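Construct all of the structure, not just a fragment, from the sequences and the given hints.
Residues in the sequence shown are numbered from 668 upward in steps of one, following the numbering used here.
Hints listed in this document are in silico derivations from the structure and should not be mistaken for laboratory results.
One thing to keep in mind: the hints can contain errors.
The calculated lysine-lysine pairs, modelled on BS3-like cross-linking and capped at a C-alpha distance of 27 Å, are [as the list claims (entries may be wrong)]:
1. K691 with K740
2. K820 with K740
3. K691 with K742
Nothing here was measured: the structure is a model prediction, and the numbers come from that model.
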Amino acid sequence: GAIAKPTTSSSSSSPSPSPSPAEKERLDYQAVLLETAALLLSSTLPPIVEIAASLPPLAAGLGQLLQTVLAAKLKHPRLISLHAEVIEAFRCLLPLRPDLVMPAVGACLENMSLIPIPEGSGQAPPPVPAPPFWRLGFEARLSMANAVLGLAKACPSTVAAHLPDIVTRIAMMWQSGQLRHGELVLLHEGVMTAATNGGCGADVTTQLVHAIFAPVAEAWTSPTWRAKIATPQAFLQAFLPLESAGGVGGVGGSG
Numbered sequence: 668g669a670i671a672k673p674t675t676s677s678s679s680s681s682p683s684p685s686p687s688p689a690e691k692e693r694l695d696y697q698a699v700l701l702e703t704a705a706l707l708l709s710s711t712l713p714p715i716v717e718i719a720a721s722l723p724p725l726a727a728g729l730g731q732l733l734q735t736v737l738a739a740k741l742k743h744p745r746l747i748s749l750h751a752e753v754i755e756a757f758r759c760l761l762p763l764r765p766d767l768v769m770p771a772v773g774a775c776l777e778n779m780s781l782i783p784i785p786e787g788s789g790q791a792p793p794p795v796p797a798p799p800f801w802r803l804g805f806e807a808r809l810s811m812a813n814a815v816l817g818l819a820k821a822c823p824s825t826v827a828a829h830l831p832d833i834v835t836r837i838a839m840m841w842q843s844g845q846l847r848h849g850e851l852v853l854l855h856e857g858v859m860t861a862a863t864n865g866g867c868g869a870d871v872t873t874q875l876v877h878a879i880f881a882p883v884a885e886a887w888t889s890p891t892w893r894a895k896i897a898t899p900q901a902f903l904q905a906f907l908p909l910e911s912a913g914g915v916g917g918v919g920g921s922g
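Spelled out as C-alpha cells, the structure:
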C-alpha cells in the first residue's frame, strides 16, 4: 500500500518547560520500560521468529504485536528515540511478514513529524548553544531515520517494491524543510540499500541515483553555491554556521 504521509507542523521545536517532579518520574519510568522492551526484543525475537516460520499462529501474533508498537504515538523525544529501537528490533520479523514493512517505514516517518521542525528551517544551522531539549529532538528524529535504514537492510526486496513512493515522500519532506541533512543521508542510504539488494534492475537504480543526486548537481552549478566557495570567509559562513541565540553568527561572523 501507499506510504502514509507524515503531517508537518510549523510550530517551533523550542525547549520544553522544565517538567514537574511527578512528570519527570513518569517519564523516567516510561523510558525504563521502553529500554527494557528494546533490549528484550532484540535478544529474544530472532529465535522466536525462527520458530514462527513454521507456526503461522505465532507469526500472526508477532505481527499483531508489531502493529501495536507501530500504532503508538509518543510525545517526548527521549521516548521516541527508544520507540525507534523497539521498531528496529522487529526487523527480523519482516522477511516473514513483508506486509508490515511499509507500515513500519510509514510509522518511522510519521514519528519524525511528531518532533516538528519550524517551517522551512530543516537545513538551517543549529542554535548555539543547542538547548538540551533541542538536542533530544535532534537525536530522536535521527533514530527514526536510522530505523528506516535498518528496515531496508532487513527486507530490501519488499522495500524496493515501494521505492518510488518512498523517494517521493522523502523529496517532499526535504523540499518543505522538514528534513535535516543527516536524516536525508540516512533515508537515502536506505533507498539505495533496498535498490541494490532488493533486485531492482540497473535502469531503476540509475533512475534513483539521478533522483537523489540531481538536486545536488543542480545546486553545485548554481551561482548561489559558487558564491559560498568564492572566498575562505564565504566558505566558513556557509558551511560552518554557528547561529547564536542573539542571531549573531559564530564562525565567520563579523566582530
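Checklist entry - Which hints, by number, does the structure contradict? => result Violated: none.
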